[in-house]
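Q: Each chain, written out:
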Amino acid sequence: MSTQALLSQLLLGLINGSFYAILSLGLAVIFGLLNIINFAHGALYMVGAFCALLAMRWLGIGYWGALVIAPLVVGALGVVIERLMLRRLYQLDHLYGLLLTFGLALIAEGFFRWSFGITGESYPVPAELHGGVDIGIMYLPLYRAWVVVASLVVCVATWYLIDRTSLGARLRAATERPRLTQALGINVPVLVTATYAAGVALAAYAGVLAAPILQVNPLMGSNLIIVVFAVVVIGGMGSILGSIVTGLGLGLLEGLTKVFYPEASAVVIFVIMVMVLLVRPAGLFGKAA
Amino acid sequence: MRARYILLILLGIAAPFFIYPTFLMKILCFALFATAFNLLLGFGGLLSFGHAAFFGGAAYICATASKDWGLTPELSILIGGLYAGTLGALFGWLAVRRSGIYFAMITLALAQLIFFLALQLPFTGGEEGIQGVPRGRLLGLVDLSDNVAMYFFVLAVCCAGFWLIHRTIHSPFGNALTAIRENEARAISLGYDVSRYKLLAFILSATIAGVAGALKALVFQLATLTDVHWHMSGQVVLMTLVGGLGTIFGPAVGAITIVSLENQLADRVGSWVTVIMGFMFVFCVLLFRRGIVGEFNAWRAARRNVGSAAVSSDAR
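Just so you know, the sequences run in chain order A and B.
All residue numbers for the first sequence refer to our numbering, where the first residue is 1 and numbers rise by one.
All residue numbers for the second sequence refer to our numbering, where the first residue is 1001 and numbers rise by one.
The set of hints was computed from the structure by calculation and includes no laboratory data.
Using N, Cα and C, we set each Cβ at its ideal position, and we do this for glycine too.
Pulled from the structure, derived: some chain B residues nowhere near chain A, Cβ distances all over 10 Å:
#1 ILE1006
#2 ASP1193
#3 LEU1200
#4 TRP1299
Part of the chain B face toward chain A, derived, beta carbon under 7 Å:
#5 ARG1097
#6 ARG1098
#7 THR1274
#8 VAL1275
#9 VAL1282
Based on the sequences and whatever the hints tell you, model everything.
A: And the structure:
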């Protein structure tokens, strides 16, 4: 196995890991505040990718515009979902939230499947990021490098926002003690809606990033979401940083497995999940159950 | 109460002469699947999102046993059930370490493992699945290729399954399970080994779900990836939800509803079924949480002016 091949698989693994990181980050943020596992996360990632595609086809808006528009559109969708539907479920068993978002995911997936079929649509790599650069040890495709950088920047920015700013402090306060926080004058319901919208906007952002690499097809979300669930179980819901690190790490591991033992690459993350559950049921970064 | 069951059995015996037996058999298999699932969810309070691994996996095992090993149907089903029980013990042991949402996610991920195994292992036939599974001769005597004969076999197995679940629910074990669902901390303080109860319920639920899957493989003489896909796990959740969580007949009613609906919509484009299923999920979770049987029980209790509308003596 040549170094070039190994490194390019690792790069691919890093890219997958970036998607895992962004998506599990969004899930963790939503779960932290709403206590709902957003099964629709994968579907909204897919919707984000389709937003980019349709923005190009119907409005002639290119990639860079899509990077802004798709999260906004999906974020608005998130606001609608949260206010109309999720809000009614907070006082119930948390499983109902999972079931509702599962239903939403089915609706989205079924609708796009009916509209577009299951063969993917291709989305062009933006002109500025065509080609690659030879960095000595390997040929580095520009777009893929950009994906990793763009994902990391967003993840770190989100972490910073939550961990180091006063807005983040309010968010964390609302997560731990919603009533007390509300009594102190902070508008918790708005914060909750905004959090859900931001979480799914993150997913849409990942969708746009993914569009030129993967085919934009209605099943791209459901294939990914279950792996992301496993990532979340492995990382634990304890910390934002934990989701990022776990996502990236598992992506890399998956890439490595593809190199040395390709048949197991689809299941390696689940196997790791089993191992982690045996040793640390709360996850690597999770707080004890 | 007993009269009700006798009536149902009589209906079941008469049914194949009025309704297409294969359709009835499909309903029975899914009703058993959903009832087994409800044991875990409605009575144990544990949402397993990976029951397709037991249902579909047992279908594959049973199909292999019947086709490649030439076993008689009751043995094939037994082996399918054993597989499901063993897998249930393994998955359950891993999953009960966490509760609630994590439990659901873990079961989902573990079931995905089985899906990928089913996709890649040689004996499962990959995308095509195992086809042309012989129904065989029951006990070496009764040829089950006749649909009516097969129907009565399926009816008998399903009745046995329902009876087992019914007995489990109305037993000290079942009561303990309900107690754990209602207030786990209190159950622990009363000295119940909560993990053991959950695990046992999980194994039982998985085994019966496996039997249902094995039956289905023999009925349709087919075992495919659809049976182990997570959509199947979602479908059984929907059936239970639509029919009524935590009621005895709810899942069966839900199974009848969903299977009939799918039957009617079969001629439309496949993707719309997914959308409709999604809408049903959303609708049930938001507005119809008690399900058909649950709402019916509540209506009946309200008519009788009993204090709490959520409890009916014969549904629990």
